[in-house]
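Engineer: For reference, the chains in residue letters:
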Amino acid sequence: MHGHEDAAIAGAILQGDVERYSELLEKYQDSVYAIVARRVPADAVATVAQDVFIRAYQSLSGYSGTAPFGNWASRIAIRSCCAYWREQMRHRSRLISMSPTPGQRQWVEQVAACKAPDEADHLVKHAEAAGIMEWLLGQLSPEDRTLIESVYIDGMLLREVAAALEWSLIKTKVRAMRARRKMRQLLESIGESL
Amino acid sequence: MKKQDINQLEAILSAVFRAGKDQRPTPEWRVGVMGAVRRCHAAENIAVNFAMIPVKLMWRLAMGSAVAALLCVVLYMTFPAQKSSLIEVPLDSFENAVTVVTQI
Chain H
93 MHGHEDAAIA
103 GAILQGDVER
113 YSELLEKYQD
123 SVYAIVARRV
133 PADAVATVAQ
143 DVFIRAYQSL
153 SGYSGTAPFG
163 NWASRIAIRS
173 CCAYWREQMR
183 HRSRLISMSP
193 TPGQRQWVEQ
203 VAACKAPDEA
213 DHLVKHAEAA
223 GIMEWLLGQL
233 SPEDRTLIES
243 VYIDGMLLRE
253 VAAALEWSLI
263 KTKVRAMRAR
273 RKMRQLLESI
283 GESL
Chain L
2 MKKQDINQLE
12 AILSAVFRAG
22 KDQRPTPEWR
32 VGVMGAVRRC
42 HAAENIAVNF
52 AMIPVKLMWR
62 LAMGSAVAAL
72 LCVVLYMTFP
82 AQKSSLIEVP
92 LDSFENAVTV
102 VTQI
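Chains as they are written, first to last, in the numbering used here: chain H, 93 to 286; chain L, 2 to 105.
Since the hints were derived computationally from the structure, they do not count as laboratory data.
Each hint should be verified, as a subset may be incorrect.
[Claimed, not checked] Cβ-Cβ distance ranges computed for the label pairs, FRET-style: (1) M269/H x R31/L: 35 to 43 Å; (2) E115/H x E29/L: 16 to 24 Å; (3) A100/H x R31/L: 46 to 54 Å; (4) A63/L x D122/H: 52 to 60 Å; (5) G154/H x L76/L: 48 to 56 Å; (6) M64/L x R112/H: 33 to 41 Å; (7) G36/L x R182/H: 25 to 33 Å.
[To be verified] SDA-like, lysine to any residue: derived pairs with alpha carbons at most 20 Å apart: (8) K119/H x S66/L; (9) K119/H x G36/L; (10) K119/H x V68/L; (11) K119/H x A44/L; (12) K119/H x T27/L; (13) K119/H x P133/H; (14) K119/H x P28/L; (15) K263/H x R171/H; (16) K119/H x G33/L; (17) K119/H x R39/L; (18) K119/H x A43/L; (19) K119/H x Q24/L; (20) K263/H x S281/H; (21) K274/H x M181/H; (22) K265/H x E201/H; (23) K119/H x N97/L; (24) K119/H x C73/L; (25) K265/H x G223/H; (26) K119/H x A138/H; (27) K119/H x L152/H; (28) K119/H x D143/H; (29) K119/H x K57/L; (30) K263/H x G157/H; (31) K263/H x E280/H; (32) K119/H x M181/H; (33) K263/H x E235/H.
C-beta: ideal position from N, C-alpha, C; glycine also.
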């Protein structure tokens, strides 16, 4: 039902009624914004989310109308976030440091010292935890970062991520497994260096 | 580091990453997006107009040239070479055609 409604709106926009784009924006801004907010730094969310809707407008003729506009826009959002990290890596403006800070190492040590999962609950709120996660993701390629964020953090299905990144399912599975293994090895290396 | 420690770390880090990332779009942001979309739309229209004008003009020029060429060929074939009345040199049939046209 949503797909048909969205297709009708998209058709009207393509005919020149650009103001109707606000209907699609209103309907899907929250979901697209949330996807972007989980993947890029807070200060870049508004810009990247705006970029997603502009890209969606520019390639609206490619929207088939079989699924809701939001599904199609969320794929653009994932690709835009990946492009954001690729751009950051190219300009080296937001490079993550090559090794964790002493505070972050200490945090890992504290977690490792906890015997039961409940004991580590209070450590979740530490700033070091977010720093470690950023550091780990920063060691991955932009594509692997997007994949890990989508599958292991966002809880998306592998086939959904494969469709968004325009990869085969096999390639997505293999890359997800390798990226996760790399992150585990990095965590282990911090643990060993303590 | 044991495997269960790593698992625990993974779980904590996933929870950390999800936390505090629930930003919502503001009305100002929405106005900004619609403004950008309108600018894109306007730019597309300008691009289309710029592209269309030379194409139309070039088509008209091409059609005009084709008609003129056809007319020349018809005249060339209709009027054979004749002697000029001024000089004793036979005129080229094209010159002849031009002379006839100017006389008309």
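Engineer: Run the structure past the numbered hints and jot down the numbers of the failing ones, going up.
Structural biologist: 3, 8, 10, 11, 13, 18, 20, 22, 23, 24, 25, 29, 30, 31, 32
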